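In case you want the letters, here they are:
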Amino acid sequence: MASHVAETDSTKHSHSGGEHHIVPKRVYFAVFFALIVLTWVTTFVSRVDLGRWNIFVALAIAIFKASLVVLFFMHIWYSTRLTKMIVCCSVFWLILMLFITMTDIWTRGWMGVPGR
Amino acid sequence: MASHTITPPSAAPHADEALQHHFESPEQQKDASTIGMWVFLVTEVMFFGGMFLAYFVYRQWYPAAFASASNNTSLWIGATNTTVLICSSLTMAMAVHFASLGKQKLIIVFLLLTLMLGGTFLGVKAYEYHDKWVRHEVPGHNFDCRDEAGKPCVDAGHTPLFFALYFGMTGLHATHMIVGAVIILVLIRNARKGLYTPAWYTPVELFGLYWHFVDIVWIFLFPLFYLIDRSGALK
Amino acid sequence: MITATLPEKPKKNYINATEGLKSWLLTYDHKRIAILYLLGVTFFFFLGGLFAVLIRLELATPAGDLVDSNTYNKFFTMHGIIMVFLFLIPSIPAVMGNFLIPLMIGAKDVAFPRLNLLSWYIYMIGGCFVLTVLFFGGVDTGWTFYTPFSTSYSNGYVIASGMGIFIAGFSSILTGLNFIVTIHRMRAPGLTWFRLPLFIWAHYATSMIQVLGTPVIAVTLLLLVLERGLHIGFFDPAYGGDPVLFQHMFWFYSHPAVYIMILPSMGVVTEIITTFSSKKPFGYTFIAFSSVAIAVFGFIVWGHHLFVSGQSVYAGMVFSILSYVVAIPSAIKVFNWTATMYKGAVRLTTPMLYAMGFIGLFTIGGLTGLFLASLGMDVHLTDTYFVIAHFHYVMVGGAIMGFLGGIHYWWPKIFGKMYNETWSKLSAVIVFIGFNLTFFPQFLLGYMGMPRRYHAYPPEFQVLNVLSSAGASILGVGYLLPFCYLLWSLKYGPDAPPNPWGATTLEWQTASPPPTENFPVTPVVTQEAYTYTTEEVVHVG
Chain A
292 MASHVAETDS TKHSHSGGEH HIVPKRVYFA VFFALIVLTW VTTFVSRVDL
342 GRWNIFVALA IAIFKASLVV LFFMHIWYST RLTKMIVCCS VFWLILMLFI
392 TMTDIWTRGW MGVPGR
Chain B
301 MASHTITPPS AAPHADEALQ HHFESPEQQK DASTIGMWVF LVTEVMFFGG
351 MFLAYFVYRQ WYPAAFASAS NNTSLWIGAT NTTVLICSSL TMAMAVHFAS
401 LGKQKLIIVF LLLTLMLGGT FLGVKAYEYH DKWVRHEVPG HNFDCRDEAG
451 KPCVDAGHTP LFFALYFGMT GLHATHMIVG AVIILVLIRN ARKGLYTPAW
501 YTPVELFGLY WHFVDIVWIF LFPLFYLIDR SGALK
Chain C
153 MITATLPEKP KKNYINATEG LKSWLLTYDH KRIAILYLLG VTFFFFLGGL
203 FAVLIRLELA TPAGDLVDSN TYNKFFTMHG IIMVFLFLIP SIPAVMGNFL
253 IPLMIGAKDV AFPRLNLLSW YIYMIGGCFV LTVLFFGGVD TGWTFYTPFS
303 TSYSNGYVIA SGMGIFIAGF SSILTGLNFI VTIHRMRAPG LTWFRLPLFI
353 WAHYATSMIQ VLGTPVIAVT LLLLVLERGL HIGFFDPAYG GDPVLFQHMF
403 WFYSHPAVYI MILPSMGVVT EIITTFSSKK PFGYTFIAFS SVAIAVFGFI
453 VWGHHLFVSG QSVYAGMVFS ILSYVVAIPS AIKVFNWTAT MYKGAVRLTT
503 PMLYAMGFIG LFTIGGLTGL FLASLGMDVH LTDTYFVIAH FHYVMVGGAI
553 MGFLGGIHYW WPKIFGKMYN ETWSKLSAVI VFIGFNLTFF PQFLLGYMGM
603 PRRYHAYPPE FQVLNVLSSA GASILGVGYL LPFCYLLWSL KYGPDAPPNP
653 WGATTLEWQT ASPPPTENFP VTPVVTQEAY TYTTEEVVHV G
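Residue numbers (my numbering), protein chains in the order written: chain A, 292 to 407; chain B, 301 to 535; chain C, 153 to 693.
Read the hints as simulated data drawn from the structure, not as lab findings.
Check before you lean on any hint, since a few could be wrong.
Claimed, not checked - Below, a list of computed lysine-lysine pairs in the DSSO-like style, where the Cα atoms sit at most 30 Å apart:
{"hint": "1", "chain 1": "A", "residue 1": "K375", "chain 2": "C", "residue 2": "K260"}
{"hint": "2", "chain 1": "A", "residue 1": "K316", "chain 2": "B", "residue 2": "K405"}
{"hint": "3", "chain 1": "A", "residue 1": "K316", "chain 2": "B", "residue 2": "K403"}
{"hint": "4", "chain 1": "A", "residue 1": "K375", "chain 2": "B", "residue 2": "K425"}
Here the structure is a predicted model, which means the values were calculated and not measured.
Using the sequences and the hints given, assemble the complete structure.
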């Protein structure tokens, strides 16, 4: 066989603890309440003229709401490092795709070359 | 010679039966399943992400058209529908919570509530789609974007892009919800058979992740489609 | 340590464990699923190759005299779609990854065996869509489906093709998902990340790309289908839509896709070079991290496909610099492979011939990629045969050589039979010669200005084209020969020992072919993957 000395199988299930934590109901209700409030906040704020800042405020609220859902409804707050890393990767890659493509969109016409 | 863990006998017989042969322990199986679900959600982020990209590009270029077209959506219907979906997220979280506690009846109750709230959301969306069809806001042959006063939308030539993205993105979202609704039915059926115990309720938990993800997508769709220039400043 | 002997060959292995077609079509065993994939990809390889034959036949003469231009457009489109999506993307991961990853990490199967079987069915359904398109007359947009031709003007079956690729893409996504979870959570006791074979690192990096990139082409094709089918214009300039946006979205996946095609091959080459040099890889950590670096950097260079499309010049400059950077990790690997062979006990077996061929041809392909990454040169070279030669050097001279090397290296393990070494070496040489004769002239043609995707060309290009077509026929022979002698070996070849090559990774510590559960007892790992002692253990068993 590949070796002779037995070792602990610590590499295999070192992070199983994250999933056994039972989130108390009050956390869910608090998050729910926050989400509802923020939904109506963003609705009413949209009717105020903030110029360029409307979209930033709307997105900031949306990001905060999404974070609450991810952290508490989806248990990331209590989860393993690997799961947290996976979530961060997905956000990072999405932003990468959006940002780099937009650098083309934003810089069209900068160099004075026709059509680019 | 080999030192794989000897699985301690589990209190609930279901846990052992649910352990698949290629896993060494229920913990490993659950851990793997959870990671698998999260990796799947990563693919969903990138999937929706492509359309978000198209949205950002075109909104950057045609802000007036987007604002004008957005004003043709109903702010209050959108906000209420968002509320409905958030409620369904709460009920889903409750269903998972009670599954972890083994409260069989409450699992079914909250799954049913989630289904009903999700169905309400879809019903409202169907109403909105029909409304858009009637008002000639579906891109294609009879497209004609007009505001309440009957005047053509600002920069009307570019408004089909807004509506293409509206139907594309909310349609994709709705498709995900329909798939979710079907899965809830399966979960309810299994819950009634008593399949889910505190030792093994993984399908409920993983589906909860999916449902919350679909909720998150809507959390972004709502401001992007319903809340552009509601103050009328761009008019 | 390498086991010197095992007790007599166990009678039951994964092949004869159960009998009947249903036991194969409904199997959860990753090894059987790998064989199912092998059948699929082999079929599509030869089908895609058939279109290559038709292309080279047409191009043997300057006039467009074999077929008209519309038909020729369908030839190169079908060649591209089949070779990229139905052969290259799945090939090594779905065949060798599926078979070997659980074995190399000491697991009984992948994390989600049923999902694995579903992946195969999804792949076959996607393939059937493409076959249906073929049957009804094909699609002519190029495998790149650029709008507005694909959305508005093409008369081919764009929607069905798009749907077929969309479906096949999910197979790729699910395979990547399966591998990521498997590698994270199913490793044997003691198998830490830096004790993993480099084949595993390569597939982990590949799986990252599959999971992060494929969904984007899926949504892109979805939008394409919606636009063409329902006339909802996402890319239509009439509504202010931007065809370049399609290209951005398409290439956001399709560039990383080329790393899906090459990374597994690099993993195979590392294994082969190591084994047949009887020496541990030079710079294990560098090779491991460079695999991940290729995967990550591969996502930020896609704009080099849009240099002349209307992308901003500023973005073009940034993508150009980044495209140079992405070559660095690949170069690191080439240095490491060479250093591994240096002062090693090199044995020129068939897999080693393929691996060495890979190093040379991939280097040429990679370097010519740098010509194309240069913004100024690309204006001259883009859409010429230079580009075609470049990507065939990396994809055929690179990826397919790696695939063939891997097939030959692991054939004894997978089927328990040894093939005829004389024929296999001969085939490797024929492939190498045929390949270079086919594609090297194309660098010259492209530099001289011959455009791609044209069925006719100026007469002064004929000599090089004839050389290329001649090379293609030799290459074809080189590919058909393995088909023959490998199949022959299944019936008439000598039985293979557990470790015919004297390798050290875990898959060689079990029988050839392995039993269904892979290892009678779960192995426990206490040392790194490649431990060659000074007394070489060669031809064990």
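**OP:** Would you check the hint for K316 of chain A and K405 of chain B, treating anything up to 30 Å between C-alpha atoms as holding?
**Re:** 17 Å, holds
**OP:** With a cut-off of 30 Å on the C-alpha distance, tell me whether K316 of chain A and K403 of chain B pass.
**Re:** 14 Å, holds
Original post:
Regarding the pair K375 of chain A and K425 of chain B, is the alpha-carbon distance no greater than 30 Å?
Top reply: This hinted pair is violated, its Cα atoms lying about 33 Å apart.
**OP:** Would you mind confirming whether the straight-line C-alpha gap from K375 of chain A to K260 of chain C stays at or under 30 Å?
**Re:** 27 Å, holds
Checked against the numbered hints given earlier, the structure breaks only hint 4 and satisfies all the rest.
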